[in-house]
Amino acid sequence: MSDATASRAGRRLLDNGRQTRAMRWVMAVMLFLTVLAGALGLGTWSAVAGLDSQLAGRMTVQLLGATDPAVRAVVDAVQQVPGVRAVRAVPRAEMAALLQPWLGDAGLDADLPIPVVIDIDVAGDTGSVGDAVTARVGALAPDARIDRAARWLGPVRSFIVSLAWLAGALVVLMATATASIALLTARSGLDTHRDTINVLHMLGSTDVQVSRLFQRRIALDTLVGGAVGTVAAAGAIALISARVQALDAVLVSGVALGPVDWLLLAALPLLFTGLAMLFARVAILAALRRTL
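Numbers 1 to 292, taken from UniProt numbering, label the letters of the sequence shown in order.
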């Protein structure tokens, strides 16, 4: 069969207007949900990386009722611990400003017993360095409270990692559903246009040539619908990102998409189109060899 004949046949195969529009809308919805799930996964992994790099090596020491010489002694002792990169005693005015949303103007009262907080930035093996810092502080201030960011952030990190894995599972599930839709669409077109396919075979068309007609139709519908869904999802992601950044919270500030992440999301319609073409080809060739 000539290419011109194949082209004319291709315009008929799987070219039912209602069916074509339905598949494009289905693919648009599938890609919309897939891109959102992908953005969630990429954003949460970015947040995990931010937590690991910024907060995992942080410690805080709280001293209640400590004098300035006692605070300086603790700071000097901690600075001498190998692996400690920086030590900073938070000024009382800064602590009062942090407490003001809960205490109001009472937080500015000089007689209010506000604990002295010392921020410690640890490098290297946070476990061994943290133990050394705890020993030094405990020797100078037995009543001091020492918190390790990695300890209380552990459950938060586990939760974020679970969200990332869930998002990845959703992307795989959507890809499987897309392949199934391509399979069903191809088989439906095969049944609907069986007489036309018989004529193409009588004209000398091979099974591979017939399957290509289905592939082109399904690829076009998937690509067009996927592009629409991806653009809509990108708009939703941009809106959500603006809302997240407006929160100005430490735990959500790392949930952001970089240029590489956007490129991966933009490639999803192409990947899904290739997947749909592959499954359509396999399904059509298997059906043609079995029934025709």
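Keep in mind that the hints were calculated from the coordinates and are not lab data.
These numbers were taken from a predicted model, which means no experiment stands behind them.
Among the clues, some could well be false.
To be verified - Now the in silico label distances, taken between C-beta atoms and shown as ranges:
#: 1; residue 1: Val260; residue 2: Val90; range: 51 to 57 Å
#: 2; residue 1: Val172; residue 2: Arg85; range: 39 to 45 Å
#: 3; residue 1: Val244; residue 2: Gly138; range: 38 to 44 Å
#: 4; residue 1: Ala70; residue 2: Ile240; range: 44 to 50 Å
#: 5; residue 1: Ser162; residue 2: Trp262; range: 36 to 42 Å
#: 6; residue 1: Arg72; residue 2: Ala266; range: 52 to 58 Å
#: 7; residue 1: Ser158; residue 2: Ala86; range: 26 to 32 Å
#: 8; residue 1: Ser158; residue 2: Ala123; range: 20 to 26 Å
#: 9; residue 1: Arg187; residue 2: Arg243; range: 39 to 45 Å
#: 10; residue 1: Trp165; residue 2: Ala135; range: 36 to 42 Å
By construction, the Cβ of each residue, glycine as well, lies at the ideal position given by its N, Cα and C atoms.
We went through each hint and held it up to the structure:
1. Val260 - Val90: 51 to 57 Å: For Val90 against Val260, whose Cβ atoms are near 36 Å apart, the range 51 to 57 Å is violated.
2. Val172 - Arg85: 39 to 45 Å: 41 Å, holds
3. Val244 - Gly138: 38 to 44 Å: 39 Å, holds
4. Ala70 - Ile240: 44 to 50 Å: 47 Å, holds
5. Ser162 - Trp262: 36 to 42 Å: 24 Å, violated
6. Arg72 - Ala266: 52 to 58 Å: 55 Å, holds
7. Ser158 - Ala86: 26 to 32 Å: 28 Å, holds
8. Ser158 - Ala123: 20 to 26 Å: 24 Å Cβ-Cβ, so the 20 to 26 Å window holds.
9. Arg187 - Arg243: 39 to 45 Å: Holds - the Cβ-Cβ distance for Arg187 and Arg243, about 43 Å, lies within 39 to 45 Å.
10. Trp165 - Ala135: 36 to 42 Å: Cβ of Trp165 to Cβ of Ala135: about 38 Å, so the range 36 to 42 Å holds.
The structure does not agree with the numbered hints 1 and 5 stated previously, though it agrees with the rest.
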